[in-house]
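Number of protein chains: 2
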Amino acid sequence: MAESIYSNYPPDLSPAQQKFLVTSVKDWAIQNGLAVRPSPAIIPTGADTNGVLATNAPVTLFPSPFPRACFEEATALQKIYNELYAMITCNEEWLGKVVEGLIEVDDFVSNLWKVHLDVRKEGYVQNLSLGLFRSDYMAHVPPTGLPALKQVEFNTISSSFGGLSALVRQMHTELLASPPGSSINYPPHHLLQSGVPPENTAVETLSAGLAAAHEAYGESKSTPALPLCVLFVVQETERNVFDQHALSTQLKTVHNIPVFRVASVDVLDQTSIPSSNSSRPLLYQPPHSPDSTFEVTTVYLRAYYAPDEYKSSRDWQARTHLERSAAIKCPTVLNQLSGCKKVQQVLAEPTGPDHLSSFLKSIETTLVERVRDTFAPQYDLSINSKGRDLALNPDTALNHVLKPQREGGGNNVYKSDIPDFLRSIPESDWRGWVLMELINPAANAQNVALRNDGEVIRGDVISELGVYGTILWENTGKILHNEQGGYLLRTKGKEVNEGGVAAGFSSLDSALLF
Amino acid sequence: MAESIYSNYPPDLSPAQQKFLVTSVKDWAIQNGLAVRPSPAIIPTGADTNGVLATNAPVTLFPSPFPRACFEEATALQKIYNELYAMITCNEEWLGKVVEGLIEVDDFVSNLWKVHLDVRKEGYVQNLSLGLFRSDYMAHVPPTGLPALKQVEFNTISSSFGGLSALVRQMHTELLASPPGSSINYPPHHLLQSGVPPENTAVETLSAGLAAAHEAYGESKSTPALPLCVLFVVQETERNVFDQHALSTQLKTVHNIPVFRVASVDVLDQTSIPSSNSSRPLLYQPPHSPDSTFEVTTVYLRAYYAPDEYKSSRDWQARTHLERSAAIKCPTVLNQLSGCKKVQQVLAEPTGPDHLSSFLKSIETTLVERVRDTFAPQYDLSINSKGRDLALNPDTALNHVLKPQREGGGNNVYKSDIPDFLRSIPESDWRGWVLMELINPAANAQNVALRNDGEVIRGDVISELGVYGTILWENTGKILHNEQGGYLLRTKGKEVNEGGVAAGFSSLDSALLF
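Chains A and B are the protein sequences, given in the same order.
Using UniProt numbering, the first residue of the first sequence is number 1, and each one after it goes up by one.
Using UniProt numbering, the first residue of the second sequence is number 1, and each one after it goes up by one.
Because the hints were derived from the structure by calculation, they are not lab data.
Be careful, since some hints might not be right.
The list treats identical chains as interchangeable, and a pair is accepted whether it falls inside one copy or across any two copies.
To be verified - Computed cross-link-like contacts, DSSO-like style, restricted to lysine-lysine with a CA-CA straight-line distance of at most 27 Å:
hint	residue 1	residue 2
1	Lys311	Lys494
2	Lys478	Lys311
3	Lys19	Lys311
4	Lys221	Lys415
5	Lys79	Lys97
6	Lys252	Lys19
My request is simple: use the sequences and hints to build the entire structure.
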């Protein structure tokens, strides 16, 4: 059934139809802030020196079909996933053991861990943590049977695209429903006639999480009391600013909370912790209003997630500075570490202790098993392990992908390339890699993408579903706020997945459930 | 008092304050569709061949002070102005006399008039007309006494910027009010602390006018009946598309009316009038859905207003084609002609028949006199006229501007340049010009503009207030819908007004009333 859904979708477009859709989409995108700042590849050197230009975010012209059962399962499990990663973060001993296994091969993990150890030595002053999470999945199509939800990764830091994906959903919905009375924006197709993409409350959900933390922080810890704010820490050269602004606008206009943005390079200049105050409030002085001082209740990191963001010891110093403050961190260093691929692999380990059940003691067994069912089989490559056998055997390698544990640590290695690749690197480095059984998405899915340079590409695609959740908890394990809402459908040209070809595309999309 | 308001406004900006405001404004603009497609001056040749890039509309960083009494008078009079121009349009004989005096010097007016004569010969099939008007004013500061409202021009076709000006008002309002609890986006200044720009309902008002016409059109005149729509006729190379989209989005989502856009060059290809149907419905076939046909209730012209838009006889043919159809035109050719400067001058003529009172028979005298008070003295240059004396005398010329009657007919000529300029052109051409007493705006008004290339310019400015109104009437003079709502404040660098220097600026603004 799934195959037949995809076989004649999306419908063909005449040149006039494509021109109309492309014009509609590119104008809609700018009218509604579904936009990004253009990359240097689009803007010639020396042009736009003031950085005013914008372009549409890369989007699909059509919403993509996605199995309803998988979509509903992903949303049904998100609050349990939120709890799982909160509980992992609370279990410093368990997490520390996983991390210590990586320290030799992953200096990024090692440095993050050091930040935690330094702050632990001094003593944490904030026992609340906030998570804005996104769990990413594919709909795996087995040789026989129904599509199954399989997790690709779990993001615990800077989970992005909530703002823009809600807009893509709105755009597709308006295109499907207009003009009023006679929907002719798309060529006729039963899937396009029959439904609308599910509601996408990512902005509301993620902002409500930040607002819950802001509220839970309580009163100012300064004397005299200072006005409170939320601080977005962002990359200096961020191009995905409008995605972030969607959240800050919601916080300001709906929750009535002051929000400021600080580039990570400016953290040490613009924020401070008064040494005289043992509560360690994080104070922010806006450069545009130097006489004002705000106390930061919540630090929302849209930076500091990748190794290349830490260019010098000053960046590590800034991260430590935030970590030791009284502000609620979204996320803490420990929560960031809980999102590493190794944790995912250990949870999915089919033999040995049942970590999953231990972390989810309060959850009914059937639900825990449904979470476990979303794990794709994955392995480490230790001596005499099953993973090592599967990776080195050319026949079994064909069904796997080798992923670097370390963010930004290199590209995935696929299928037949795995054995030779492993033999080309020192065996001591193998523990920096995780072997994962390939998820097989629908073989014949297609869509048409409008890139942010305006090029239109039709081709075979793979759609990845991300589900957003947010959780606020005490380090004792007590949960104060746990919500799910909103999703991201990201649709990639197939060749991108097989090694990152520049001609491909990765587009924001929305889901037509079937 | 007015002088003192302007003397220390806007407050100075430190580099950090300016950086913050510029970043906030340029991001807000893209997030909310306060955008334009960039001009070729910003985008190097060969870049952005797909036309995806956008930039902020040129805007002021601060709202501009504007005298409350003038603002309120302009909004109070708008519905009377709507009626005035509807009544002028109904009086073909009167309008024809004005137009006939221009035919020899203004071939654009002459050709428009021919369109009317052609359609009149065949007979009009639509007795309703729609006006979406904008009356433009300055606050004139006399040597002594209070500022007075003086009309610059009255626009009866393609009155633009309603969509974007409402957004500028929203942006300034949000900047003034945030962050919640402690407004520090602007440096402290009593004007910025005390008020917000008045509500701007331009989008609602203009769209409601189009919706009223759509409704009044009645049922389809085709057999079998066709679905009805509104048609925006636009320029092929329009860069101000997001201003237009603000109206079409409102029509679609609030009024539930199908809206299509046709470039003026495509009118003859994409619309038709079946010769077999004496009601002459205007049919539109969307190229992206060739099997669909819609009947156009209302043609909204955002094109055909300037002579250079009629490149060949085919363009005149297209205009005639629309005019003879059963669609309600916004505007008709006659209504477009009523907006010519010569009409404004004849109305303002201090001697001779009181045209104003004749057109506004139903309006109380005191209100008619308030309308008359908004006229700046203006004159023709006929033999032995007062206008000719004032223009040729170097002393009196100093207090005047010479404006070409014809749109796109050349630049205004100012003050001491007037006598020599007139002597340099044939006397027979003088009737193509109108002499207008200079309006003196506040001498020391300043603001800071963010151009759409990102350059920031501070300088002396002149603000022009435009007030929107919409009216639907029968050619018998019966009025079906007459509303006022929304405004445009356009703030120009002073040097622009004195001859169009490229280094200057013309920005969208909002008003702080004092």
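- Task: Against the earlier hints, flag every one the structure doesn't satisfy and list their numbers going up.
- Result: Violated hints: 1, 2 and 4; rest satisfied.
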